[in-house]
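Protein chains in written order, with full-length UniProt numbering: chain A, 1 to 178; chain B, 1 to 178.
Do not rely on the hints blindly, as some may be mistaken.
[What the hints assert, rightly or not] The calculated EDC-like cross-link candidates involving lysine to aspartate or glutamate, where the alpha carbons are at most 16 Å apart (straight line), are: (1) K25/B / D50/B; (2) K99/B / D50/B; (3) K141/A / E3/B; (4) K141/B / E124/A.
Don't read these hints as lab results, they were simulated from the structure. Please read all numbers here as calculations on a predicted model, not as lab measurements.
There are 2 protein chains.
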Amino acid sequence: MDEEPIAQQRVFTGQLIAVDELTVKLPNNTIAQREIVRAQPAAGVLALKDDKALFVSQFRSTIGQMTLEIPAGKINQGEAPLTAARRELNEETGMTAMKWQPLASYFQSLGFSDATMALFLASELHLATNQLHQDPDEFVKGEWLTLPEAWRAVDDGRICDSKTLLALLYWQQQGIGA
Amino acid sequence: MDEEPIAQQRVFTGQLIAVDELTVKLPNNTIAQREIVRAQPAAGVLALKDDKALFVSQFRSTIGQMTLEIPAGKINQGEAPLTAARRELNEETGMTAMKWQPLASYFQSLGFSDATMALFLASELHLATNQLHQDPDEFVKGEWLTLPEAWRAVDDGRICDSKTLLALLYWQQQGIGA
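Looking at chain A on its own, in the form it has when it is part of the complex:
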């Protein structure tokens, strides 16, 4: 069932993403083109304290509206996913956590991109003594919600992305954060 790659051409190079056009031979020997968005891997954090999780409110130019998401961001070149998760939690919320565990690692949009997301659960939270600065082009605001409040934010459309929905479902599963 494999597709055999015949040629690959970079058709767009941006600052954030690049697009490759792949020419493949299908199992029936016909030729097809595939566009693939190459994107930096990302890490996200479900940060729990007592019965609440920490979300960040931010404006997303991709959809032109404010959203509520778990803290997350790109993994730098050579950086471990957990290191990126710790850094993003600190940068976006000023918090740090004593306890970390991996929840899931997956492809965000397998139909058109190789972009990955590594989700972590962080607990035993406290204010970071060494607070990192937010990225200069990032303006986010922290918000603590209980699980029922978070589901209401799904209903009213403020929580609307895959990583945050996944985090809510992991949170809801028995045993996590309990």
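Start from chain A and add chain B according to the hints.
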């Protein structure tokens, strides 16, 4: 906290996706560039029968490997998400369902794309009398798994994408499919 859009330019136009470069004014009045991948919306189906769900095995050029995913595909122009979900289930597996309910609708990769996914739960499955053909460039193979088998497929990396993970977590939630 809004970013004010100042200019938008299409910097890549492909068959599957397009890329826009957006120039925005940040809350601190500085100017930033945002690359946005415009992609067709998609629909996916958690199709349950007894204690099993239907997955499709396929080769994904985006990551150069075989995966196991819930049936899914692009929503055509003007097509309702549910209509697309029904069509994709039929095209990819030859099955149809009597009972449908929405599970979630979300942005797949909010950091760089406006791509959406609408997930549905399908039950009371049977073979479609009017079987649709697979897309000419698509080669998928159906596979029935129980929930524990599906989690093992997550562990061994065959299930590795956001929509399928979300579907498993919804499936696992009490009441769904029971």
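For each hint, the structure was consulted:
1. At roughly 54 Å between alpha-carbon atoms, K25/B and D50/B are farther apart than 16 Å, so this suggested pair is violated.
2. For a cut-off of 16 Å, the pair hint linking K99/B to D50/B stands: about 14 Å separates their Cα positions.
3. Restraint check: the Cα-Cα separation between K141/A and E3/B comes to about 14 Å, which is no more than 16 Å; the hinted pair holds.
4. For the suggested pair K141/B and E124/A, the alpha carbons sit about 45 Å apart, so the restraint of at most 16 Å is broken.
The structure does not agree with the numbered hints 1, 4 stated previously, though it agrees with the rest.
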